[in-house]
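K.L.:
If you're matching them up, the sequences are chains R and C in order. For the first sequence, the numbering used here begins at 1 and goes up steadily by one. For the second sequence, the numbering used here begins at 1 and goes up steadily by one.
No wet-lab data here; the hints were simulated from the structure. Treat the hints with care, as some may be off.
Have a look at the derived ranges for each label pair, beta carbon to beta carbon [stated by the list, open to error]:
1. N99/C x E374/R: 39 to 45 Å
2. A380/R x N99/C: 57 to 63 Å
3. N339/R x D74/C: 39 to 45 Å
4. Q111/C x Q483/R: 27 to 33 Å
5. V385/R x W93/C: 43 to 49 Å
6. R378/R x Q111/C: 31 to 37 Å
7. V418/R x N99/C: 37 to 43 Å
8. W93/C x N339/R: 19 to 25 Å
9. A321/R x T67/C: 44 to 50 Å
10. T67/C x V385/R: 26 to 32 Å
Sample of chain R residues with no beta-carbon within 10 Å of chain C, all distances over it, derived [unchecked claim]:
11. L20
12. V22
13. A59
14. C270
15. S332
16. A389
17. V398
18. Y402
19. M405
20. E427
21. Q483
22. G516
Which chain C residues face chain R? A few, computed with CB under 8 Å, are given here [to be verified]:
23. E11
24. H13
25. R91
Cβ coordinates follow ideal geometry from the N, Cα and C atoms, glycine included.
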Amino acid sequence: MKNNRIGLILVVSSLAVIALVVTLLLQRQHKDQAEQVRAQGLGTVRSLAALPASVLLPAPGQPGQSGVLASLLAGRDNPDFAYAAISAEDGRNLAEVASPGAIVPPAAPLALASFDERSVAAGQNARAIREFRGPLASADGRLQLRIGYFEPHGLLDLKDLPFYALIALAVFLLVPLIYIVIKREMAPLAALGAQLQTLNAAQTQAQPGTALTRELDADQDVRGLAGKLNRYLDHTSARIRELEQDSIASMASGRLLEYGSNKMQAVLQCLPDGLLVLDPAGEVTFATGKIEPLLGVPVAEVLSQPSEAWCRDPELRAMLARFRGAGLDARSQMTIEFNPLGVPGKRLWATAQALVGHSMAYGTLVVLRDATREHLARQAGNDFVAHVAHELKSPLNVIGMYGEMLADVGIDDPALRVEAINVIQDEVERMVSLVNNLLNVSKLEMGSMRPERHRVKLDDLLRDAWQQARSRAEAKNIRLDLQVARDLAAVSVDKDMFRIALNNLLNNAIKYNQPGGSVTLMAEEGDSDVVIAVRDSGIGMTPEDRERVTEKFFRVRETGDEQRGGHGLGLYLSNQIVELHHGRLTIESELGHGSVFSIHLKKMPALAEGGQVL
Amino acid sequence: MKKSILLVDDEPHVIRVLRLMLEREGYDVASANDGNEALEKMAARRPDVMVSDIQMAGMDGRELCRTVRARYPDDSFPIFVMTSMTASEERAWVRELANVEFLEKPLSPRQLIARLTTYFANAATQENPHA
Chain R
1 MKNNRIGLIL
11 VVSSLAVIAL
21 VVTLLLQRQH
31 KDQAEQVRAQ
41 GLGTVRSLAA
51 LPASVLLPAP
61 GQPGQSGVLA
71 SLLAGRDNPD
81 FAYAAISAED
91 GRNLAEVASP
101 GAIVPPAAPL
111 ALASFDERSV
121 AAGQNARAIR
131 EFRGPLASAD
141 GRLQLRIGYF
151 EPHGLLDLKD
161 LPFYALIALA
171 VFLLVPLIYI
181 VIKREMAPLA
191 ALGAQLQTLN
201 AAQTQAQPGT
211 ALTRELDADQ
221 DVRGLAGKLN
231 RYLDHTSARI
241 RELEQDSIAS
251 MASGRLLEYG
261 SNKMQAVLQC
271 LPDGLLVLDP
281 AGEVTFATGK
291 IEPLLGVPVA
301 EVLSQPSEAW
311 CRDPELRAML
321 ARFRGAGLDA
331 RSQMTIEFNP
341 LGVPGKRLWA
351 TAQALVGHSM
361 AYGTLVVLRD
371 ATREHLARQA
381 GNDFVAHVAH
391 ELKSPLNVIG
401 MYGEMLADVG
411 IDDPALRVEA
421 INVIQDEVER
431 MVSLVNNLLN
441 VSKLEMGSMR
451 PERHRVKLDD
461 LLRDAWQQAR
471 SRAEAKNIRL
481 DLQVARDLAA
491 VSVDKDMFRI
501 ALNNLLNNAI
511 KYNQPGGSVT
521 LMAEEGDSDV
531 VIAVRDSGIG
541 MTPEDRERVT
551 EKFFRVRETG
561 DEQRGGHGLG
571 LYLSNQIVEL
581 HHGRLTIESE
591 LGHGSVFSIH
601 LKKMPALAEG
611 GQVL
Chain C
1 MKKSILLVDD
11 EPHVIRVLRL
21 MLEREGYDVA
31 SANDGNEALE
41 KMAARRPDVM
51 VSDIQMAGMD
61 GRELCRTVRA
71 RYPDDSFPIF
81 VMTSMTASEE
91 RAWVRELANV
101 EFLEKPLSPR
111 QLIARLTTYF
121 ANAATQENPH
131 A
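Full structure from sequences and hints, please.
P.N.:
See below:
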């Protein structure tokens with residue numbers, strides 16, 4: 001069908017070309033003939049006008065006949081010759097000759113001494129005539145010579161028919177040539193069309209939601225090709241828009257990922273632990289800033305470097321070497337504890353974990369954790385156990401020794417017997433006190449010692465404590481005084497806990513005193529607080545000892561022969577209990593002159609009548 | 001001649017009981033509260049045996065032993081150190097010192113007397129093997 005159309009177009013085109021060529025040729029021929037007639041007509045008129053009129057006019061007695069004019073008719077070499085006439089000024093034809101079928105038209109006035117031409121209508125259905133005329137001088141007045149020629153008819157001349165046939169043949173012969181050329185030139189377009197169709201079909205199949213607005217034209221012509229091209233361009237544009245949207249989405253996704261990555265990096269950088277990621281070859285690919293305070297090595301010195309280049313700690317280097325290379329699985333993990341050489345006093349845990357997944361080894365993750373506090377706590381725990389064991393063994397040692405002595409030598413010596421009994425009793429009390437304080441410290445540190453505070457009148461509490469401590473003071477020949485102001489303001493305390501703090505202060509004051517010395521329990525009211533003080537005339541403390549005396553297990557270095565039997569928990573416990581009551585413990589002391597321990601508690605506002613006071 | 005014993009401990013009750021028991025056994029007993037006092041006493045008179053606690057304020061027993069061995073290199077009289085520490089690393093330091101032995105706490109005075117008796121008997125035998 002496509003070929004037929006092209007052929008038809010070619011045939012029509014060739015006919016049009018032939019018609020155009022023939023038309024142009026006919027026009028050319030008509031023009032040539034007109035020029036020829038004009039040249040001949042004017043030439044003939046000019047040449048005849050030069051002749052004497054008498055030669056041209058008919059002889060007298062033969063009106064209307066002129067020999068010269070007749071010779072024009074007889075010897076005409078132009079088939080279009082129509083007539084020749086000599087007309088008088090009044091329009092009469094003095095002589096005339098005419099071709100068969102031609103009628104000499106009436107003369108028209110002629111401008112003086114001029115040659116001209118005019119078209120003359122020779123009548124209906126007659127051929128138009130071109131008339132050439134000129135003045136003819138004569139004695140009879142002004143004459144004019146007129147010669148008429150039929151206008152060229154413009155029709156195809158049969159004698160030119162072979163010529164036109166030749167042109168038509170040549171044009172027709174060009175048709176198959178052009179056809180072949182077009183076919184040849186169209187072949188790539190056809191192939192392109194086929195490909196576009198295939199692409200369109202594929203895209204349509206791939207995207208069932210995309211509607212083709214028109215069916216492909218089966219004739220595969222240029223318009224079809226253009227249509228396919230347009231559709232392909234439509235598809236391509238749509239695809240480009242999709243790709244642009246995908247690109248925007250991808251860009252947004254990329255930015256989201258970048259944001260997520262930055263966020264994750266910030267999170268990792270904020271972790272208290274130092275992180276290192278090593279590739280399978282052992283080079284560091286990621287490190288957080290925390291490794292510098294932990295290992296003493298800047299991040300810049302670590303990145304892209306093997307462990308040998310930056311790691312000074314042999315334990316860590318050995319562990320990293322074990323995780324280098326293949327043969328590791330996700331269960332490969334190792335933890336070491338070491339003191340980093342770059343940061344003295346620091347204790348670190350380093351855990352290496354193989355990064356393995358999807359049958360791929362991505363390297364090793366190393367987590368560095370500051371274990372200094374745990375290490376110190378562990379050490380403190382061990383020290384605590386050792387200390388407590390020592391504190392328990394010391395009185396047991398004394399009790400055991402006095403027991404043996406009593407059995408071996410003291411049984412007959414009453415003074416030794418009394419001494420042994422007193423020492424054993426003191427040491428037992430010391431152990432009981434130690435155990436009680438240990439339990440209280442344990443409860444305190446576990447957080448299970450919570451004060452149940454009530455409104456308490458201090459007078460009774462202080463008087464009870466004074467009464468309990470009196471016997472111990474008297475046994476050591478120490479005077480225990482009580483100076484409590486009347487109508488002291490009430491305070492909010494846990495009575496049982498507060499009694500422990502108070503007893504520890506009183507026991508210390510008695511224990512670290514001299515025989516014949518004194519201890520005074522005082523209480524007075526200030527503007528906003530109540531101060532309970534225990535003053536002793538004991539051995540006192542150096543300023544250094546005073547600073548540390550409330551530390552756990554701190555014991556003031558004793559001088560002289562007397563053993564005080566302290567275990568370093570009493571003042572620690574008292575201080576903690578006072579702080580639990582939002583109070584503060586202050587210490588004044590002078591070596592050799594005694595100490596004053598003061599508890600400062602906030603006063604409670606006066607109760608309305610009927611309020612309960614314990 | 002009485003054998004002299006130097007007791008070093010910051011626990012007065014321990015000194016009191018050991019002195020009483022050892023004097024009853026016929027020993028000449030001197031005592032010190034810490035390492036520094038012990039060195040002072042030693043400068044006045046070298047003991048035949050020193051019995052010392054380890055944990056003491058001031059110069060402790062470990063430093064005292066090292067100082068004694070360094071100060072009197074030709075006199076390696078026996079030193080008994082009383083300790084409640086059982087860990088081997090706490091006891092390793094004595095390996096570098098000659099003739100230093102441990103006494104376990106709680107200390108039995110009878111056991112100490114038995115160790116001293118054995119030591120002096122062995123020493124007497126070595127000095128006079130034909131006696």
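K.L.:
So, for every hint listed, does it hold in this structure?
P.N.:
Hint check:
{"no.": "1", "hint": "N99/C x E374/R: 39 to 45 Å", "in the structure": "holds, 41 Å"}
{"no.": "2", "hint": "A380/R x N99/C: 57 to 63 Å", "in the structure": "violated, 35 Å"}
{"no.": "3", "hint": "N339/R x D74/C: 39 to 45 Å", "in the structure": "holds, 41 Å"}
{"no.": "4", "hint": "Q111/C x Q483/R: 27 to 33 Å", "in the structure": "violated, 52 Å"}
{"no.": "5", "hint": "V385/R x W93/C: 43 to 49 Å", "in the structure": "violated, 21 Å"}
{"no.": "6", "hint": "R378/R x Q111/C: 31 to 37 Å", "in the structure": "holds, 35 Å"}
{"no.": "7", "hint": "V418/R x N99/C: 37 to 43 Å", "in the structure": "holds, 39 Å"}
{"no.": "8", "hint": "W93/C x N339/R: 19 to 25 Å", "in the structure": "holds, 22 Å"}
{"no.": "9", "hint": "A321/R x T67/C: 44 to 50 Å", "in the structure": "holds, 46 Å"}
{"no.": "10", "hint": "T67/C x V385/R: 26 to 32 Å", "in the structure": "holds, 29 Å"}
{"no.": "11", "hint": "L20", "in the structure": "holds, 124 Å"}
{"no.": "12", "hint": "V22", "in the structure": "holds, 130 Å"}
{"no.": "13", "hint": "A59", "in the structure": "holds, 178 Å"}
{"no.": "14", "hint": "C270", "in the structure": "holds, 40 Å"}
{"no.": "15", "hint": "S332", "in the structure": "holds, 33 Å"}
{"no.": "16", "hint": "A389", "in the structure": "violated, 6 Å"}
{"no.": "17", "hint": "V398", "in the structure": "violated, 4 Å"}
{"no.": "18", "hint": "Y402", "in the structure": "violated, 6 Å"}
{"no.": "19", "hint": "M405", "in the structure": "violated, 5 Å"}
{"no.": "20", "hint": "E427", "in the structure": "violated, 8 Å"}
{"no.": "21", "hint": "Q483", "in the structure": "holds, 33 Å"}
{"no.": "22", "hint": "G516", "in the structure": "holds, 19 Å"}
{"no.": "23", "hint": "E11", "in the structure": "holds, 6 Å"}
{"no.": "24", "hint": "H13", "in the structure": "holds, 4 Å"}
{"no.": "25", "hint": "R91", "in the structure": "violated, 14 Å"}
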